[in-house]
Amino acid sequence: MNDALNVPDLAERARALDPRGSFIVQAPAGSGKTELLIQRVLALLATVERPEEIAAITFTIKAAAEMRLRVYQALSAARHEARPDAPHLRRTWDLAAAALVRNDALGWKLEESAERLRVQTIDALCASLTRQMPVLSRFGAQPESVEDASAMYVEAARALLAQLEGGEAEAAADVGRLLGHVDNDAAKAERLLSDMLASRDHWMRKLLHGPVDRDRLEEGLREVRGEAVARVQRAWPPGLAAPELEDVAAWIAHASAMLTEAKKWRAATPQGLKDVPGMLDLLRELKNLPPAVFDAGQWAALETIVRLAPRALAELQVVFARRGQADFVEISQGALRALGPEDEPTDLLLAIDYRIRHILVDEFQDTSHSQFELLKRLTSGWEPGDGRTLFLVGDPMQSIYRFREAEVALFVRAWKDGLGGVRLEPVTLSANFRSRGGIVEWVNASFARIMPPADDVTRGAVRHSPSHAIHAHEGHAVHVHPFLDGENGALGAHVTRIVRDAGDASVAILVRNRGHLREVLPRLREAGLAFRAIEIEPLGDRPVVQDLLALARALSHLADRIAWLAVLRAPWCALDLADLTALCGAHDGTTVWAAMNDGDRLVPLSGDGRARVARVCAVLQRALDDRRRSSLRTAVERAWLALGGPACVERDVDLDDADIFLDHLEQSESEGALDDVAAFERSIEKLYALPDLEAPERLQVMTIHKAKGLEFDVVIVPGLDEGTGRDDRRLFMWMETPEDALLLAPINAAGADDDPVYRFMRSVERQKADHENARLLYVAATRARRDLHLLGCAKVDEHGAAQEPPKGSLLQKLWPVVCTEFGGLAAARRDDRLPGVPAASQGALRRLDIATFDFEVPPAVAWSAPGEALARTALEFSWVGDTARRIGSVVHRRLQRIAEDEARGWNRARIERERPALRRELTARGVAAAELDRAVERAATALAQALEDERGRWLLGPQRNARNEYRISTVIDGVRAMLVIDRMFDDADGTPWIVDYKASGHEGADVERFLDEEQARYRDQLERYARTLGRSDARRGLYFPLLKGWREWS
Amino acid sequence: MPQQRRLLSRPELFHLLAQGHASRLAVLTPNARLAQALQRDFDRAQQALCLAAWETADVLPFDAFVARLWEEALYSARGASLPLLLTPIQELAAWEDAVRASGIADPVFSAPAAAVQCREAWKLSHAWHVGLRRAEPANEDQAAWLDWASRYERAVKGHTDGARLPDVVGRSLDLGTPKPATVALAGIDIVTPQMSDFLNALSAAGCEVCDVAPPEIESAVARVELTQYRDEIEAAAAWARARLERGSTRIGIVVPDLARSRARVARAFAAALKPAHALTPGPLPFDISLGEPLSGFPIVGDALRLLELAGPAVAFEHASRLVRSPFIGGAEAEIDVRARLDAWLRERSGPRITLEQLLALAAAAKGCRAGRLLDLLAALAAARKASLFGAKSAPDWAKAFSEALRVVGFPGERALDSIEYQAMQRWHTLLAEFGSLERVTGKMGYAEACRRLARIADAAIFQPESPEVPIRILGVLESAGLEFDHLWVMGLTADAWPLPARPNPFLPVRAQRAAGIPQADPASSLELDRRITQGWRRSAREVIFSHARAEGEAELAPSPLIADVAGSSLEALGVAASPELRAAIRGGGRIETVDDANAPAITQPEQRGGTGLFRDQAACPFRGYARRRVGAKPLETPRIGLDPRDRGNLLHALLAEAWRDLHDSAALHARTPAQLGELLDRAAGVAIAEVKRKRGDALSGRFERLERERLVRLATDWLAMERGRPDFQVLATEDARPLTFGGVTVKARLDRMDAIAQGRAIIDYKTGECATSSWLGERPEEPQLPMYALAGMDVSVVAFGQVKVGKMGFKGLAREKDLVPGANLVTDDRSRAASKYRDWNQLVEGWRVELERIGRAFAAGDARVDPKRGPLTCVNCDQHMFCRIAEKAAFGVRKGDETDE
Ligand code: SF4
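For the record, the sequence lines run as chains L and X. The first sequence begins at 1 in the working numbering and counts up one residue at a time. The second sequence begins at 1051 in the working numbering and counts up one residue at a time.
By construction, these hints were calculated from the structure, which means they are not laboratory data. Only a predicted model underlies this, so the values are computations on that prediction, with no experimental measurement involved. All clues stand as given, with none of them false.
Listed next, the in silico DSS-like pairs over lysine-lysine satisfying Cα-Cα at most 30 Å (straight line):
1) K1742/X to K188/L
2) K1435/X to K1416/X
3) K376/L to K62/L
4) K1857/X to K287/L
5) K686/L to K1918/X
6) K768/L to K62/L
7) K1683/X to K686/L
Label-pair restraints from in silico Cβ distances:
8) L710/L to D1928/X: 36 to 44 Å
9) A105/L to G1602/X: 30 to 38 Å
10) R1024/L to E1266/X: 38 to 46 Å
Heads up, the beta-carbon is just placed ideally off N, CA and C, and yes, glycines get one too.
Make the full structure from the sequences, and use the hints.
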């Protein structure tokens, strides 16, 4: 922040730091609001009992990190550095010092536990609330939050549509009606429903409370009509006799008679009316008004949709619960549920042991409805002067996130009426510390004309609020560069010139839409101007990504013919068309892979072609043999490396792009496979190639949205005349009137005209978009410190006069300010050819020279794995085997105990008595209830027999140096191993014994043979015991209590 | 805790252990990790004494020790008085049932997830003696939990669980069960009141309790800041390699966020230690302490999916995976045909499919009959009928599950690799564990059983065994008390460390804090993490803490707990970046560019497919080549309802059938609306029957009825429109004939040809948008009707019949005005493309020239990548990866995106 000398809003800034007051702050671009927020956090810290009482909410994770970092820097400066001299630095230092005093007095240890200071996004705040209240939030446990839940919306929509066949009668009927409405196009219904779910933040509060009331809705229609008429009446020129009409309808008829069908002035309309500024638009709106009542057909459709909406929501929640995931809206709904109804809030003190006493919200202009609602709940019951405060900061002129459900009207509403029960003192900042005077003045003058003079909540309009430049004017700062329609190439070249002329200054080229760079980027490249494109170049457009995608698809599916052909055509193989046709030209239904492995088919290929195919075959054969053994990512990467993929890329940064793709693949796959390849490919469309880090930082290219919060010396905005071409239709339109009535209308039935109510709301939507365009322009313009360049093309008519640019373009918003500069452009030759593929590359085939391709694998660290010690036994799972194993372990356990008692006091009778105990032991081991009787029988038999058998009594009875369950450790072939010997002793003759028990049974006649087999099977094991113990003199024995069997050897 | 306890140094401990079982010493650790490490260190020491074998040291985690004592007691004389111990799986199932029984579990509320937390709260409350009954529940969460807890307790009466076992065992210690003479506590930092009681009971029962001194190693500690987390991982890997090369065998890496970055970490370490691993996998000198859910292993995932397939309908993707799964019988032999079968199924299935539907579709497959698969699926269907219905006990289901898997030849004929083998072993135990649910649950239906099994498999964290390795990668908790030669702790940024306090939601926070649960309070939580940090500092000769400067776009600060450690750099640590395999490969190849715009000429004029060949070739020669010469066709994704092609086919079939009946305009006029309605309804039936052969699942039930109604409505409107035409007679519907241009002959099919007042009108029905401009100029977009117009049939009108609600009508061009409504003169068209043609003859001649040219280009093998309208042509093309447009064009080929961040 600059010196305080000429800061015009110093008093306002000071006021906003009052820790007892609640404020809403309008902070235009460059006004230093982050510093203000930090100062307020510090000021609050000096007043609270626990730092957790303060919750600061930011719009992005990045902003949260930055704010926290700066608070900590301030604290650290106050702890370790001297009090600075500069006044604005001093204020922060003083506030931080006071906060530290509090910290030390109350033992917070704030500097050591960063998390105690709650600076987070609203999503993170919601998640922390629901995590603490799993029942109140109705989740059961914290769901994983996912950014892109579109797959789940589709799943829910599908489930709803499936009720056509299997659902309740009422639901089935409604789904049938919905399908009828969209011409039985189930895919369209699915899309509309899933879009509806995606935007549910807007409508669900209103639609979840029972059936909609036709009278109320029609009241809304009347209100809209009445209001539009009132606006015309207000603007009616005093000199002109206003018609004396009671009825709104009559008024509408009268006023619309002033316009032609094409909504232009009728010649007969009095000039006095024509001269009223804005009157034309007001009258056009009248013509556009919805009727006062719904027609029967539309009403039926609307009712159907309104009945289906809650069902769709329910399906969505089921999907969320099943997957253990949720989108941000759902999590904020959970938080709302957890916070309880507005009039009866959950006591957070009881739930989370601290009360939030101070809330600060940054970027409040981009708040959504559910976030607004959340703030209302969090502050419900707050009384003025009770020490709890709310602090909202934002700039409605920079509200540009409508497509993410941001609603600028909420700022306007809070400004006027406060938030929930909290009164807010408005504070307006006006100092601009960023741009030189020329820019600030231009922005002030221009946006006063571009932005509406007054706020309009319904249409999302906010008025302009001027800034005061702190920096000097210093000459001409804003440059408009007009071009004729079609002169895109010249425009691109001009951008290049501006960049060159900027010298060392930091330059940003900002666009609304990535497509607007089509003519600019190639020119920059041609001119040798390296740039960093921040999230501009779609990742999927990188050849390296296409190659990897081809491999991923090919390895996922042998019959994905395009992918396999692409694998053969990629530089690592680059089969020419002659060979490719010879190999794959037979239309006989075989796969490419089969052809590659078919010797006969390879015959007609060129020698080089055969070599190329063989190379690919070898690599992919391995990949297919090991399919679904590793992650698909690993398999793809392995094949790519083996084929020489990295040698085929054009630039080094491609290797990083390859990583982005591979990481994304890893996140999208499950268990080594991709379920929905099409969805995966769509998801790649949301990824961007990395900026070229070898390019200097001084020239950056990004979207205006991305540039929010940044600043540059020079800002260039090309493509002002281009629109967004976005026009999606929703299943139903929804809007709230200023009087809180609701307007609803269904999408038109297939083939029918738009419902007039729907059409009206769409036009309101368009107006909202239009207002947001102005704000987008404002954001772009205010990024510049020194120079602002605006470039665009306009059409000229036959007389050489520039025509108004297309609706929806930024240039159209800017038009009143710049139209004079576009006048007088000489008509040039149109050049509207679409960019094509240059003739030279139409047949160009890049290929790896496989004859010379070779590389050396960097050496591995010297280490050799100890021998693999995992012995394999035949894997056969049978229920019987499992129970037998459990019986075996109980018998072992028992034998061990008997042996420890040296068999004293043990006999058949005792075993019989202990049958209940055996039963418990077997149960504890997990023997199924149905098997228990048999298992007890078997175990008891085994034990009783051991006790009656002479061999058994000898074995279990008193012996010298006896050990039971004897555990020894050793190292075999470099691998540590532990051996457990059932019993070891020296017998009366001093002969050492090593014995294992085997509880196996044997059905069938030849018991002796079975015992021989068992001996053979366990021989090695006992040998190992003997060897390890160094007791090769010991006799080895195997005892089979169930069979009364015995084998011994030396 | 009592200060008077004996403190054993490590050498003293090993000395005692070396005395073997006679010392009757048990060493207790907080977790299995530390137990193994101690065990290993001890074994090493023994080995160093040149012993061949020694008595195994008794080192085990505290919980396991308690469980062992319980088991000893169970087998003792008074074992009958002991409650049985539930397994964790049984506990969870009991909690889940308790939650469900409370009635809260509507479909939205996740009872299984809540069960996990309940068990956690239950454990905490016992371990820390958080008084439950006395405390008034403060809110709904706590009240709900109290309710669940009492339900749970009642339900598992007569059993005990992990949470209560120390109390149970502590009380019965005097029962004369065998126990060690001494227990030594190693690395147990947090002694809960429950543990403390237990240990007291143990000493009261005559067992000495002593402590093992924590590692106190004189260490050099350094702090390294790196740009990103990814750089930290790579640096740690390079460092580990450098240390290993110096001969160290005990290298530890601590990764706080291990669960999420496991794969990344594994990759970076493999790349640094053994670059060739990325090409040929083999054993690596590190292991990662964290396993993964068993359900995430493909072999287990497919087993679960197979069981799911035997239930109600499954997502097509699941069925598709199974068709191509290597884990069912015949997968290797039929690998090719099953892939083709799947492609075939994709064109016919809806997004969900039942086993029966799958079987029926697969049985009807042409050209891709997978015999073995059919047998297996049929066997599964039979097994389903025989044994997968009704309510059964858990063990019975477990049996049925293994049987169902057996009949489909699971786990396939490919030899299992080591990981698959171990996963299979674990799977079998898992089935057994599932069977044991019987103790806490009643009978259940198949779907419920499948769901429970899947949940158990999700919860079963499994890690295949690996040989002993010098580098161990651990999470924070497992690192406690371990000793290393070198230790690197990464991810120590301010936001990640210390951890925030995280009280359990089900217990009153105040009570948790009063009980001293460290995680419940910021101050004690900080204290705990500080202790852990101190522990790291003493646990190796060299200790390195690292943190990233930024993650994504957010800037990060170092954790305050390590901020005081002197900063160092990788160079100072002697760590050089390891050479990269990718760089080696990148440098090892040379790229050349050759010209390859032409395929060989076609060998015979007759080409498969219809007029679409000309359309493709006109749009882009490469597309023509790709689709028509080498059959580059995409895989489809099953979608809901009918796709536009099916919808078009229905309508075509319906109108064809209707006109076969009507013949001419006179008949049309003669029929009453009722007669027409009847006619159309019948025709709709015919059409539906035809399309049903392919899309039987989509065209059924109520939807079929709706569709039939829609078709009749549409056709009625259409015929109403046709009533306004001058007289005509329908000469042909679906007329098929070969057409040749430029040496290429294709089979064309015309929807309809009418005789009209002058000549003939040829008509192509369209259900979507269409425009006559697609016939004009060079490389026409829709050449089909122009081709027919040139077939020498005295055509005087070419027209699209747009059959679309609200937009019924013809759009065409005609030799003269008023032959067919909507068919105009070409000279009436004001567009630039139309301005070349002065009359009908010139138009037709223009078509001939253009079509001949396109045909010749195709025949000659022209395969240039030359999309007619650049990005607009490419955007809806499926050949991007094959034609390699991305490396040829400056324009992006993806759809233009919107404003976003
Ligand atoms: S993507 Fe474009 S260039 Fe490639 S084949 Fe299709 S139309 Fe031709």
